[in-house]
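Since the structure of chain Y is provided, determine the placement of chain W on it from the hints.
Read off the chains here:
Protein chains: 2
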Amino acid sequence: MANIFSKYDLVSMPVVDQENHLIGRITIDDVVDVLEEEGSEDMAYIAGAPDEEITEDSIFKLARARLPWLLVAFMGELLAAFILNQFDVTLQQKLMIASFIPIIMAMGGSTAQQASVIVIRGLATGDLSLRDTGPRLLKEFRISLLNSLFFAIVLFLIVYLWDSAYFATILAVSIFVVINNAAIIGALVPLTFKRLKIDPALAAAPFISTTNDILGILIYLTISTLLLSHGI
Amino acid sequence: MANIFSKYDLVSMPVVDQENHLIGRITIDDVVDVLEEEGSEDMAYIAGAPDEEITEDSIFKLARARLPWLLVAFMGELLAAFILNQFDVTLQQKLMIASFIPIIMAMGGSTAQQASVIVIRGLATGDLSLRDTGPRLLKEFRISLLNSLFFAIVLFLIVYLWDSAYFATILAVSIFVVINNAAIIGALVPLTFKRLKIDPALAAAPFISTTNDILGILIYLTISTLLLSHGI
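If you're matching them up, the sequences are chains Y and W in order. Under full-length UniProt numbering, the first residue of the first sequence carries the number 1, and numbering increases by one thereafter. Under full-length UniProt numbering, the first residue of the second sequence carries the number 1, and numbering increases by one thereafter.
Pulled out of the complex, with its shape left as it was, chain Y reads as follows (with noise of 0.2 angstroms):
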């Protein structure tokens, strides 16, 4: 609605029912109140932290607010934790696995935020609709090609200088594969949202994130397990 006064310029617009008889209009003030709310509201969703007004004063309610959010990261983070636990025979192996579990961890989350957020920019002002997201997810992935690939030789040299050929290889994979199906979920999830017709931008912070953290340890160590058990 908001892009239609944006595009055609108009101060006010009419509105109708079914047999067209005019019931009332909207004026431009009103566009700028919901755009003022909507704006917010879409990065409060991203932050995981809706609805909040930074007038509220009481301490607990604003605890509260913030908590189901924390509790997703929590919850799912503590799955991740078990599932590396169970790489423990890996890790006892090559204890310098745990020191790139960071850098695993960050970069598919920083490319899936990239990926969702372009994505649910473009929902919002209506430069992207569902009937594009085949070509979106393959524009996505090939973008992600280009950058995965520069990591991945970045981060083989400076392994291969800090430690062997074979654990840089063990990264410069993994990083590969982390970073491509992080951008994936990334442009997927806001629009298997929006196809379900849930807000896009709740779909960003809490639930890609933490769905990356644990798919980005799971390919990690499973690449790790497998590389070094054939002892590249």
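Derived by calculation from the structure, the hints in this document are not laboratory data. Treat the hints loosely; a few may be bogus.
[What the hints assert, rightly or not] Each computed DSS-like pair below joins lysine-lysine, with the alpha-carbon atoms no more than 30 angstroms apart:
| # | chain 1 | residue 1 | chain 2 | residue 2 |
| --- | --- | --- | --- | --- |
| 1 | W | Lys197 | W | Lys139 |
| 2 | Y | Lys61 | W | Lys194 |
| 3 | Y | Lys139 | Y | Lys61 |
| 4 | W | Lys197 | W | Lys61 |
| 5 | Y | Lys139 | W | Lys197 |
| 6 | W | Lys94 | Y | Lys94 |
| 7 | Y | Lys61 | Y | Lys197 |
| 8 | Y | Lys139 | Y | Lys197 |
| 9 | W | Lys194 | W | Lys139 |
| 10 | W | Lys94 | Y | Lys61 |
| 11 | W | Lys194 | Y | Lys194 |
[Stated by the list, open to error] What the simulated footprint calls covered on chain Y by chain W, stretch by stretch (three residues with Cβ under 8 angstroms from a Cβ of chain W suffice, anywhere in the stretch; the number is not a length):
| # | segment |
| --- | --- |
| 12 | 135-143 |
| 13 | 187-200 |
[Said to hold, decoys possible] Per the computed footprint, the stretches of chain W lying under chain Y, defined by three or more beta-carbons under 8 angstroms from a beta-carbon of chain Y, are:
| # | segment |
| --- | --- |
| 14 | 12-21 |
| 15 | 66-77 |
| 16 | 208-222 |
In this text, a Cβ means the ideal position worked out from N, Cα and C, and glycines have one as well.
Frame of chain Y, contents of chain W only:
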């Protein structure tokens, strides 16, 4: 400026020079355009994908636009890998410490993002000003005290049942310190950016999350090392 339009339901506003001569006017449809632009700009900054057009076709341009923000994360987390590597004696002593790196990182990151987005939004709407810096930091700290206490207790109970009281103590203390530290960082960084006259929205994703990952890991591993060596 948009806040004034919204507050007084204006449809146009005169622009005067220093001697109060009328030199033009701003109409509300300009405000709508600016608001749409600003809202998506802030969202894009938070994701580290500024100025990106959904309709841009060149994959190379898009990949290059997103690269700098990924590089910030990459270099920060490489530092995290280096730090973790320094603690290999601690990790060897108690391998399970590695399994809880993700939960420590994620809880710190989520808390910081909540605090930062609330502050960024408050500064953008004018509900929060630099004069409120002290009270705001105190408020964020009090909110995080409640939530960190909640997660410290829950994590203590889970790890106590899973492993041991001494490892549960390490994790409870760590998550408590990390969450509170993250809340302060999350609120302080955008306020500092604002003071330095840099767009606070720029602070959000890449800078705050990377800082928090590094500090979170340092805090967790330092507490682990201290408590392990004292044989708690």
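The hints, checked one at a time:
{"no.": "1", "hint": "Lys197(W) - Lys139(W)", "result": "holds (23 angstroms)"}
{"no.": "2", "hint": "Lys61(Y) - Lys194(W)", "result": "holds (27 angstroms)"}
{"no.": "3", "hint": "Lys139(Y) - Lys61(Y)", "result": "violated (42 angstroms)"}
{"no.": "4", "hint": "Lys197(W) - Lys61(W)", "result": "holds (29 angstroms)"}
{"no.": "5", "hint": "Lys139(Y) - Lys197(W)", "result": "violated (36 angstroms)"}
{"no.": "6", "hint": "Lys94(W) - Lys94(Y)", "result": "holds (14 angstroms)"}
{"no.": "7", "hint": "Lys61(Y) - Lys197(Y)", "result": "holds (29 angstroms)"}
{"no.": "8", "hint": "Lys139(Y) - Lys197(Y)", "result": "holds (23 angstroms)"}
{"no.": "9", "hint": "Lys194(W) - Lys139(W)", "result": "holds (19 angstroms)"}
{"no.": "10", "hint": "Lys94(W) - Lys61(Y)", "result": "violated (39 angstroms)"}
{"no.": "11", "hint": "Lys194(W) - Lys194(Y)", "result": "violated (35 angstroms)"}
{"no.": "12", "hint": "135-143", "result": "holds (count 3)"}
{"no.": "13", "hint": "187-200", "result": "violated (count 0)"}
{"no.": "14", "hint": "12-21", "result": "violated (count 0)"}
{"no.": "15", "hint": "66-77", "result": "holds (count 8)"}
{"no.": "16", "hint": "208-222", "result": "holds (count 4)"}
Hints 3, 5, 10, 11, 13, 14, counting from the list given before, are not met by this structure.
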